[in-house]
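All chains should be built: construct the whole structure from the sequences, respecting the hints.
Each residue of the sequence shown is one higher than the last, beginning at 1 in UniProt numbering.
Quick caveat, the hints were computed from the structure, so don't treat them as lab data. The beta carbon of each residue, even a glycine, is placed where N, CA and C say it ideally should be. One or more of the hints may lead you astray.
Claimed, not checked - What follows is a set of in silico ranges between Cβ atoms, one per label pair, in the way DEER data are often shown:
hint, residue 1, residue 2, range
1, Pro448, Lys553, 28 to 38 Å
2, Lys472, Asp372, 25 to 35 Å
3, Thr260, Thr319, 27 to 37 Å
What the hints assert, rightly or not - In silico EDC-like pairs for lysine to aspartate or glutamate, Cα to Cα no more than 20 Å straight-line:
hint, residue 1, residue 2
4, Lys585, Glu604
5, Lys80, Asp191
6, Lys582, Glu604
7, Lys331, Glu304
8, Lys511, Asp163
9, Lys266, Glu283
10, Lys8, Glu604
11, Lys607, Glu571
12, Lys83, Glu16
13, Lys474, Asp417
14, Lys264, Glu416
15, Lys607, Glu5
16, Lys524, Glu508
17, Lys339, Glu283
18, Lys381, Glu464
19, Lys4, Glu16
20, Lys9, Glu604
21, Lys436, Glu363
22, Lys172, Asp191
23, Lys328, Asp285
24, Lys585, Glu550
25, Lys607, Glu544
26, Lys83, Asp528
27, Lys240, Asp204
28, Lys83, Asp301
29, Lys121, Asp543
30, Lys339, Asp285
31, Lys173, Glu159
32, Lys264, Asp196
33, Lys339, Glu271
34, Lys392, Glu416
35, Lys80, Glu508
36, Lys331, Asp301
37, Lys553, Asp528
38, Lys553, Glu570
39, Lys331, Asp343
40, Lys524, Glu16
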Amino acid sequence: MQKKEEFKKNGFNILETPQLPEIKNTEALLKFIKQNKLDQPENLGNLVNLLKILVEDEKVNGYGLNFVGRNFARAKYAQKTDKELRLNSNMSKHIDTTQNLVLKGDNLDCLKILKHHYRGKIKCIYIDPPYNTTSDEFVYPDKFDKEETEVLGLANLSEEDFDRMDFSFTTKKSHNGWLAFMYPRLLLARDLLSKDGVIFISIDDNEQANLKLLCDDVFGEENFVASFIVVRSEGGGLAKQAVIGHDYMLVYTKNISDFTPLGKPKDIRGEIILKDDAEYWIETDWLRKEFGKYGTLNYEDIAEIKGQDKKNEIDEGITNGEYVLINKGAKNIVGRYRKVADDTSKFYTILKHLNKNGVEDLEQLKLNDYFDFPKPLSLIKQVILGATIKSKNSIILDFFAGSGTTGHAVMQLNAEDGGNRKFILCQIDEPIKEDKPAYSFCIENNLPPVISSITIERLRRAGERLNQDFNKKKQDAQDLFNPNNLENLDKIKVQTLDIGFKVFDSVEAPKLEVDEHGQIAFPKLNGDALSRIYNMVFTVGLDEPSQVPEVVKEGCIYRIGNNYYLTNCEEISREDYSNAIKNGKVFIDGWTASLNGTLLNYKEDVKIVF
Numbered sequence: 001m002q003k004k005e006e007f008k009k010n011g012f013n014i015l016e017t018p019q020l021p022e023i024k025n026t027e028a029l030l031k032f033i034k035q036n037k038l039d040q041p042e043n044l045g046n047l048v049n050l051l052k053i054l055v056e057d058e059k060v061n062g063y064g065l066n067f068v069g070r071n072f073a074r075a076k077y078a079q080k081t082d083k084e085l086r087l088n089s090n091m092s093k094h095i096d097t098t099q100n101l102v103l104k105g106d107n108l109d110c111l112k113i114l115k116h117h118y119r120g121k122i123k124c125i126y127i128d129p130p131y132n133t134t135s136d137e138f139v140y141p142d143k144f145d146k147e148e149t150e151v152l153g154l155a156n157l158s159e160e161d162f163d164r165m166d167f168s169f170t171t172k173k174s175h176n177g178w179l180a181f182m183y184p185r186l187l188l189a190r191d192l193l194s195k196d197g198v199i200f201i202s203i204d205d206n207e208q209a210n211l212k213l214l215c216d217d218v219f220g221e222e223n224f225v226a227s228f229i230v231v232r233s234e235g236g237g238l239a240k241q242a243v244i245g246h247d248y249m250l251v252y253t254k255n256i257s258d259f260t261p262l263g264k265p266k267d268i269r270g271e272i273i274l275k276d277d278a279e280y281w282i283e284t285d286w287l288r289k290e291f292g293k294y295g296t297l298n299y300e301d302i303a304e305i306k307g308q309d310k311k312n313e314i315d316e317g318i319t320n321g322e323y324v325l326i327n328k329g330a331k332n333i334v335g336r337y338r339k340v341a342d343d344t345s346k347f348y349t350i351l352k353h354l355n356k357n358g359v360e361d362l363e364q365l366k367l368n369d370y371f372d373f374p375k376p377l378s379l380i381k382q383v384i385l386g387a388t389i390k391s392k393n394s395i396i397l398d399f400f401a402g403s404g405t406t407g408h409a410v411m412q413l414n415a416e417d418g419g420n421r422k423f424i425l426c427q428i429d430e431p432i433k434e435d436k437p438a439y440s441f442c443i444e445n446n447l448p449p450v451i452s453s454i455t456i457e458r459l460r461r462a463g464e465r466l467n468q469d470f471n472k473k474k475q476d477a478q479d480l481f482n483p484n485n486l487e488n489l490d491k492i493k494v495q496t497l498d499i500g501f502k503v504f505d506s507v508e509a510p511k512l513e514v515d516e517h518g519q520i521a522f523p524k525l526n527g528d529a530l531s532r533i534y535n536m537v538f539t540v541g542l543d544e545p546s547q548v549p550e551v552v553k554e555g556c557i558y559r560i561g562n563n564y565y566l567t568n569c570e571e572i573s574r575e576d577y578s579n580a581i582k583n584g585k586v587f588i589d590g591w592t593a594s595l596n597g598t599l600l601n602y603k604e605d606v607k608i609v610f
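Quick look at the structure:
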């Protein structure tokens, strides 16, 4: 095993998690572009993203949001992560078939790792971040000290500025600390969203105004979609000024010109029929005597009022099955078939989903003692459906997973409408206090006493419950001896429901260190061979990490499609290398590779991954 500098010296291509450079002038920028081949056509997208990031936008003399620690927060966004993801097979479920992911660790690191493959691919993000209120006692959690400011290129920070940041970051309920915490995470969220993607952010009065300005900065004012009022409680209560019965949900899109408005199923009161294996309803009042006014035009009067061309168009539509004649006494009206799945209504900005419903959701799973304020399942279902009603194969991300409501909502929506949505959840391993019921639950069930253990248990129980209901409905619909259920047969859209998830732990990435004798100490690697392979899949970014690598040589060589991933390289022969190179692209785990003659022969054909 060698240092990456030695591989570089010998002419190998190196892949690693990138860190944005400190670029202070045009000459340095051009040098960086040349070194990283960003001027080549296939890398122009990366060059554009780099230039966007490097633009200073402090808006000191203009309108915008400025706060203590803004530059520090932006540098945290650009900083290379020192973590990698290790597969946790024990906590995973249906690991060989599921397309869902659960990442245990700091979301700042997880989002950076996800960017390799998922940049521009996430359709919907929902987050419920800390509200920075007295009850949650928010304190800035990211690493902050003198050494860190120097690492981030802020070495010229004055003592006065450092003290201001230190005070802001270590004080409870600090608006500056909260904004510095949210800023890099929202920048990463923006990078992950697809061009028509949408993000929903729950918040209360304490930070709503600041969050609105921050989101205008990150996503652009022009990409603001809505600010929903979410009614969370009813009735009276004790309050100094007014009883607060609502929270907010800010909604932004990546690009408003590509965005499809949020939709909800239309309230269809007419008859629904099955046509061409899809549900349709018949609209009867669409053809009017005068545009925009009431008065349905009868079929027999079309030529006289609209002209023969319109009559010919309607006749052709009747022949093609687009329209149907409906008898209304002496005359007929023209009914128009409309596909139920394509007919939606727009959202109203006031949503009613009471907090008590969230507690009841957990009661059904016997987990209600372990989370104080779980979001109602109905709320998350409504917004996810709104974003994906016409794209039911989308990826949904929640990087403040908490009680796991988002994952539960995705599975339930798929069970209800036959979708194939996939979820990615991130939850930090926040320790549970020993006096909490959740702590005892984890110990009794041999689980680590951290919040993510409860998140995963909620997904496990919700999935099993949904699967039982789903299989029962499917069996009833397929029971030919029960005529009462035959009408449901066509409503069973999928044969299996994905209730699984691959769990990954965020762990320290390997790094070389010097021991007390001045000798290089090689790191102990995390996990087994498959974990090393998955880590390469995340880093390379070509293949979706939810896939299962195919074993080519146990413990050494795996592939996804035509991409080969190699680890434990001392056990790989010249013939193994040759076969992999002949059949596809080859990526080698740099932490297990040695600079020997065999590998040197193939340096033009492989890439080393750190």
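Verification of the supplied hints:
At about 33 Å, the CB distance of Pro448 to Lys553 agrees with the hint of 28 to 38 Å. The hinted range of 25 to 35 Å is satisfied by Lys472 and Asp372, whose Cβ atoms lie roughly 33 Å apart. For the pair Thr260 and Thr319, the beta carbons lie near 32 Å from each other, so the given range of 27 to 37 Å is met. At roughly 11 Å between alpha-carbon atoms, Lys585 and Glu604 fall within 20 Å of each other, so this suggested pair holds.
Our distance criterion of 20 Å between C-alpha atoms is met by Lys80 and Asp191, whose separation comes to about 15 Å. The hinted pair formed by Lys582 and Glu604 meets the criterion: a straight-line CA distance of about 13 Å does not exceed 20 Å. Taken as a hint, the Lys331 and Glu304 pair is honoured in the structure, with Cα atoms around 14 Å apart against an allowance of 20 Å. Taken as a hint, the Lys511 and Asp163 pair is broken in the structure, with Cα atoms around 32 Å apart against an allowance of 20 Å.
Distance check on the hinted pair: Lys266 and Glu283 sit about 12 Å apart at the alpha-carbon level, within 20 Å; holds. For the proposed pair Lys8 and Glu604, the alpha carbon gap of about 12 Å is at most 20 Å, so the pair holds. Our distance criterion of 20 Å between C-alpha atoms is met by Lys607 and Glu571, whose separation comes to about 18 Å. A threshold of 20 Å between alpha carbons decides the hint, and for Lys83 with Glu16 the separation of about 12 Å falls inside it, so the pair holds.
A threshold of 20 Å between alpha carbons decides the hint, and for Lys474 with Asp417 the separation of about 13 Å falls inside it, so the pair holds. With a C-alpha separation of about 14 Å, the suggested pairing of Lys264 with Glu416 holds against the 20 Å cut-off. A distance of roughly 14 Å separates the Cα atoms of Lys607 and Glu5; the hinted pair therefore holds under the 20 Å criterion. For the proposed pair Lys524 and Glu508, the alpha carbon gap of about 11 Å is at most 20 Å, so the pair holds.
Under the criterion of a C-alpha separation no larger than 20 Å, the hint pairing Lys339 with Glu283 is consistent with the structure, at around 10 Å. The hinted pair formed by Lys381 and Glu464 meets the criterion: a straight-line CA distance of about 18 Å does not exceed 20 Å. In summary, the hint linking Lys4 to Glu16 is supported, as the alpha carbons are separated by about 10 Å, within the 20 Å threshold. In summary, the hint linking Lys9 to Glu604 is supported, as the alpha carbons are separated by about 13 Å, within the 20 Å threshold.
About 17 Å separates the Cα atoms of Lys436 and Glu363, which keeps this hinted pair within 20 Å; it holds. Pair hint Lys172 plus Asp191 does not hold up; C-alpha atoms about 30 Å apart against a cutoff of 20 Å. With a C-alpha separation of about 13 Å, the suggested pairing of Lys328 with Asp285 holds against the 20 Å cut-off. Our distance criterion of 20 Å between C-alpha atoms is met by Lys585 and Glu550, whose separation comes to about 15 Å.
The straight-line distance between the Cα atoms of Lys607 and Glu544 is roughly 19 Å, inside the 20 Å bound, and the hint therefore holds. Our distance criterion of 20 Å between C-alpha atoms is met by Lys83 and Asp528, whose separation comes to about 17 Å. Distance check on the hinted pair: Lys240 and Asp204 sit about 17 Å apart at the alpha-carbon level, within 20 Å; holds. With a C-alpha separation of about 72 Å, the suggested pairing of Lys83 with Asp301 is violated against the 20 Å cut-off.
Of the supplied pair hints, the one linking Lys121 and Asp543 holds, its CA atoms being roughly 13 Å apart against a limit of 20 Å. Pair hint Lys339 plus Asp285 holds up; C-alpha atoms about 16 Å apart against a cutoff of 20 Å. Distance restraint check for Lys173 and Glu159: the Cα-Cα separation of roughly 23 Å exceeds the 20 Å cut-off, and the hinted pair is therefore not satisfied. Restraint check for Lys264 and Asp196: the C-alpha separation of about 17 Å stays at or below 20 Å, so the hint holds.
For the suggested pair Lys339 and Glu271, the alpha carbons sit about 12 Å apart, so the restraint of at most 20 Å is met. Distance restraint check for Lys392 and Glu416: the Cα-Cα separation of roughly 11 Å lies within the 20 Å cut-off, and the hinted pair is therefore satisfied. Only pairs whose Cα atoms come within 20 Å are accepted, and Lys80 paired with Glu508 is accepted, the gap being roughly 13 Å. Under the criterion of a C-alpha separation no larger than 20 Å, the hint pairing Lys331 with Asp301 is consistent with the structure, at around 9 Å.
Distance restraint check for Lys553 and Asp528: the Cα-Cα separation of roughly 14 Å lies within the 20 Å cut-off, and the hinted pair is therefore satisfied. Using a Cα cut-off of 20 Å, the hinted pair Lys553 and Glu570 holds, with the two alpha carbons roughly 13 Å apart. Distance hint between Lys331 and Asp343 is unfulfilled; the C-alpha atoms sit about 28 Å from each other, more than 20 Å. Straight-line distance between C-alpha atoms of Lys524 and Glu16 comes to about 18 Å, which keeps the hinted pair within the 20 Å bound.
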